[in-house]
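Engineer: What follows is each chain in one-letter form.
There are 2 protein chains.
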Amino acid sequence: MEGLEFKTGRAFAQRMDAEDELADYRKEFIFGDEDLIYMDGNSLGRLPRKTVERLREAVEQEWGEGLIRGWNAGWYEAPSRAGEKIAKIIGASPGQTIVADSTSVNLFKLVMAALSLQPERRRIVSDALNFPSDLYTLQGCLQMLGHPAGSQHDYQLELAPARDGISVDYPDLYSAINEDTALVSLSHVAFKSGFLYDAAAVTEKAHQAGALILWDLSHSAGAVPIELDRWGVDLAVGCTYKYLNGGPGAPAFLYVRGELQDQMTSPIWAWFGQRSPFAFDLDYQPADGVQRFLAGTPPILSLLAMEAGLDLQLEAGAERIRSKSIKLTAYLIYLADQILTPLGFTLGTPGDPAQRGSHVSLRHAEGYRISRALIEEMGVLPDFREPDNIRLGLAPLYSSFSEVWEAIDRLRRVVDEGRYRKYSSQRLAVT
Amino acid sequence: MEGLEFKTGRAFAQRMDAEDELADYRKEFIFGDEDLIYMDGNSLGRLPRKTVERLREAVEQEWGEGLIRGWNAGWYEAPSRAGEKIAKIIGASPGQTIVADSTSVNLFKLVMAALSLQPERRRIVSDALNFPSDLYTLQGCLQMLGHPAGSQHDYQLELAPARDGISVDYPDLYSAINEDTALVSLSHVAFKSGFLYDAAAVTEKAHQAGALILWDLSHSAGAVPIELDRWGVDLAVGCTYKYLNGGPGAPAFLYVRGELQDQMTSPIWAWFGQRSPFAFDLDYQPADGVQRFLAGTPPILSLLAMEAGLDLQLEAGAERIRSKSIKLTAYLIYLADQILTPLGFTLGTPGDPAQRGSHVSLRHAEGYRISRALIEEMGVLPDFREPDNIRLGLAPLYSSFSEVWEAIDRLRRVVDEGRYRKYSSQRLAVT
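Chains as they are written, first to last, in my numbering: chain A, 93 to 523; chain B, 93 to 523.
The list treats identical chains as one, so a pair stands whether inside a single copy or across any two.
Pairs of lysine to any residue, SDA-like flavour, derived with a Cα cap of 25 Å:
1. Lys177 <-> Val522
2. Lys119 <-> Glu149
3. Lys142 <-> Gln153
4. Lys514 <-> Phe370
5. Lys514 <-> Ala371
6. Lys177 <-> Ala521
7. Lys119 <-> Glu157
8. Lys99 <-> Glu113
9. Lys119 <-> Arg161
10. Lys142 <-> Glu157
11. Lys514 <-> Arg161
12. Lys177 <-> Glu145
13. Lys99 <-> Ile425
14. Lys514 <-> Ala165
15. Lys142 <-> Glu152
16. Lys142 <-> Arg161
17. Lys119 <-> Arg148
18. Lys142 <-> Gly124
19. Lys297 <-> Arg255
FYI, nobody ran anything at the bench for these hints, they're computed from the structure.
Next comes chain A alone, as it looks inside the complex (with noise of 0.2 Å):
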């Protein structure tokens, strides 16, 4: 991103605007309020138009006419259909990637499978950036697996240290990879810092050690681009409702590298995962391939308006994205340096576009507060990750750099005219 030169005046923003070759497919999403920044768009994508259609479509005619044929019809294949679009956003090949559940019960399934493989082995390296609901998921399954002490198990989970809370150093992350690692399993990009893991070489350092590596991709999917199969990745999880635009919740996706599929099994047996579920064999026998990480019936309605959002992505392709996303949190940074570190903000984000997804964190210590104010009476949809993180999501695919331009002139009001100060900082139910 050498060559970057910014201006902190809104002009720059509209011409930044004018040159932006993905500028088009913003006219794919709903904008019902235009007055509107939204800058959450890695934590609840906009709704594309299409999937307003495909919705109605679903429900009127696949579910309300077509009744139970709809399985015969489309619904059937959709965790693996629209799992091969998945896969192309994320750099599989075909028969790798399917769509389940959520990405906690996705975790919990290939974190059991990972450790059933090696079972010698006791130790799963992860860091303090990771999500900490798959920390959690993480420790379910050492705590199911015998741990703590007591046990003949004995397995323990061992965090990298987080450097000021935004990066992890690499040598403390390869230090904790050793002959005893069973799986190193870590996001793509951190959910507050926006982190990004160079993730070809982390996983050529587990393997070196013998371990597995599962990548979160839930924040990076649809914002960097990925390549699972030609970093020889071994396992992946993402959610598909933030730059993929799915819905609030839609369904995750996984995906098990093809030669570990017949050596792992899920620990969720279940229909969908079954051989040939409508023989009703009273005994389990898992399907082929990545099939048998599917567990109960999938939720269709979500999954069908996930899988509308998909096109757009691979349209618009990601080296595209990238090369907007980089412009768009570059811009936001040097505005923020340039408008609001005098006002007590700091970057919460590494600086070096390379370490960096497509979500910039603010820190002010009266951050909760702000981004009240700002949703309340400023009409800009941050979110706010604790203590004192204010994050604002950049989708390549709608958002501009007047929007950029207006969310930090808008932050900046917020602060010089004290309009924080009625907020209270009782956390609301979700931040």
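Once you've looked at the hints, dock chain B against the given chain A.
Structural biologist: Just chain B, lined up with the frame of chain A:
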């Protein structure tokens, strides 16, 4: 049901419809093709009119315009809110029922939690009528706990036999439950034959042996009165896409008896089951109550669509639903006996209404081809269950007696006129 006297003529069906107290509920559902006889509400319930509107609002307003704010405007509470509606349908006082994941994943969570409560007990009792996917999940749990042989655990799954594939003899079941039984896991209504357990009696027997009981209510919720609290049930799961009209693959529910909740934890630890998910602490602390059995982010669109259909159940009331259900199934069995027995059909369902849910299986050596002919050219949608069951589901909220008459008449014609002969017995992906 003494005193029910039926006649074979169509006029009798029309008279029954005229006297049907629930007849008006039919108007609450979408009927795209009025000539279609839908006898598969036990597999995928019809689309309620309210659901269409609710989902449109959820998509276009809550997601499209509200965006991330939807989580604080009703989405976050949806698993509990819908759970409490289902609680009223299954006889559970508040705080014990929650909507989450699929039936399979919920079964997995509750079985693992149950087994950890009494680790010295090494036996699960089920039956050969249970939905095979439930048996798969039980097998997977035992596999993970170290079964088969060679482990220190040595868990066993014991299946009470099925008599003629239709029912279970209580002495067979009870003799399998002993002081080594940790859990009795059964379907309240059997998926194929419609056999209905005396759940209160079986629950008592399990408790007498010191075992926990888990009921899968997938085929009974919304069709049969359920009194989980009164029966003293420990655990239950169920799907919502059959008689609850929740939509294809709609999220499932689970019930954990209040007194057990603090002693049990889900094996799948994730943020929606964490005490304070948005504090993002690195260590898992289970939420209080049944909330701890949530895992990842729920599929909101499918969940809200499902929730919209529940009110119809609550309004109609369990007693009226059961009363009509018994009349419908008894009438169908009467007509089948009069009209179809001479054509080679046999009854695959208990004749005693007290032992029967709301679907009836008719068996025939050419069952698969007959079901294909019904679907392809007779405008009747049953479903087929191996090896020879044509399963006819009667949904008290919208199935009519005239439809029953018509379905039996069309079945007669398919066989009388040899229409099934042109169909292959090659199975479709989903049967």
